[in-house]
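Using the sequences and the hints, build the whole thing.
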Amino acid sequence: MNENFQQIHQLFEQLRQSLIKNSTHLPDSILNNLANTCSNLIKLEWLTPIDT
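Residue 14 in the UniProt record's numbering sits at position 14 of the sequence shown, and the numbers go up by one each step.
Please keep in mind that the hints were generated in silico from the structure rather than gathered at the bench.
Values in this document were obtained by computation on a predicted structure and should not be read as measured data.
Careful: at least some of the hints might be erroneous.
Said to hold, decoys possible - Using C-beta positions, here's what the derived DEER-type ranges look like:
hint: 1; residue 1: Gln6; residue 2: Asn40; range: 17 to 23 Å
hint: 2; residue 1: Asn32; residue 2: Gln7; range: 32 to 38 Å
hint: 3; residue 1: Gln6; residue 2: Ala35; range: 18 to 24 Å
hint: 4; residue 1: Asn33; residue 2: Glu3; range: 17 to 23 Å
hint: 5; residue 1: Asn40; residue 2: Asn4; range: 15 to 21 Å
hint: 6; residue 1: Pro27; residue 2: Asn4; range: 30 to 36 Å
hint: 7; residue 1: Glu3; residue 2: Lys43; range: 14 to 20 Å
In this text, a Cβ means the ideal position worked out from N, Cα and C, and glycines have one as well.
Right under this line is the structure:
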């Protein structure tokens, strides 16, 4: 596993968890959209080649 991918994945996962944990004042629909966006960004990062 590429180290850059791993770091990006961890950052997006931390962001996703933080949104879920700290955004209880937001409607579930908005929270789910934010979490899904983070998940999609993770998937996108895995599919995007890195220029070395």
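Violating hint indices (sorted, rising): 2, 4
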